[in-house]
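> Sequence:
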Amino acid sequence: MSRIEQAIILAAGAGTRLRDASPSKPLCPVAGRALIDHAINGLSDAGIDRIVVVTGYAAERVEAHLAELRVRPRIEVVRTPDWQQPNGVSALAAADAVGGADSLLVMADHLVDPALYRRVAEHGAGTGLCLAIDRRLDHPWVDPDDVTRVRTAGRRIVAIGKHMADHDAHDTGVFAVGPALFDALRGLAQPSLSEAVAALAAEGRAEALDIGDLGWLDVDDRRALAIAENWLRDGPFGAAGLVSATNE
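For the sequence shown, our numbering assigns the number 5 to the initial residue and increments by one for each residue that follows.
By construction, these hints were calculated from the structure, which means they are not laboratory data.
Errors might be hidden in some of the hints.
Just the calculated beta-carbon pair ranges, DEER-fashion [unchecked claim]:
1) P85 with A35: 31 to 41 Å
2) G36 with E9: 25 to 35 Å
3) N45 with G103: 37 to 47 Å
4) D86 with D149: 32 to 42 Å
5) D217 with D147: 31 to 41 Å
Virtual Cβ for every residue (Gly too), placed ideally from N, Cα, C.
Could you put the whole structure together from the sequences, leaning on the hints where they help?
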């Protein structure tokens, strides 16, 4: 199995819960850098050399920012006019750009330890997809009303959704994906990533990869933004930073 060397960043959403901090969530300043810059730098540190960014809301602003970056990964932009649709539509917009090669699929509004990206890239998508999961269900950084929940059986995902009572992990928003994901999305009337994962899970083609104590954070509101600032100030990444920021 070859190591994944390209990534898709979904940066098309409106980010209304952070609108008072920034008119564009991917460009929201976190520890002196735009939120999307942390994703790009983390992917670069993990050995990714090509990134496809899907833009939508405030596309011109985000694309202008990306054009000014001087980073090692090659950055390409795909714009979707359907940014108000479920996130699977944004993922589908990148399908042609990545071709048939496996890719990391990540979120512009997530802070992620580069070691987590690296672990998923080295694992690969398998016959369907691989989702990095966090089994620390009581972690104080997680918003229980917003996090996507996952139920597993060994290494297999058997169910995924926002409000499942019966679950044993959280979705970190970091995937290894191949053509099977895009095929699953095309078969859905309202393509969302969770529904596509569920479809592949029903076929036994959705694998869960436990991240252990590696750090990740969905920066979706002011509370998460404050946690992010503390984390990057104290860490910036890894278990030491995770513990110190949590204990504040």
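> Could you see if the CB distance from G36 to E9 stays within 25 to 35 Å?
29 Å Cβ-Cβ, so the 25 to 35 Å window holds.
> When you take the CB atoms of D217 and D147, is the distance between them in 31 to 41 Å?
Given a distance of about 20 Å, which is not inside 31 to 41 Å, the answer is violated.
> Could you check the hint for me, namely that P85 and A35 are 31 to 41 Å apart, CB to CB?
Hint holds: Cβ distance 32 Å, inside 31 to 41 Å.
> The hint says 37 to 47 Å between N45 and G103; measuring C-beta to C-beta, is that right?
violated, 25 Å
> Taking the beta carbons of D86 and D149, is their distance inside 32 to 42 Å?
violated, 26 Å
Comparing the model with each earlier hint shows violations of hints 3, 4, 5; every other hint is respected.
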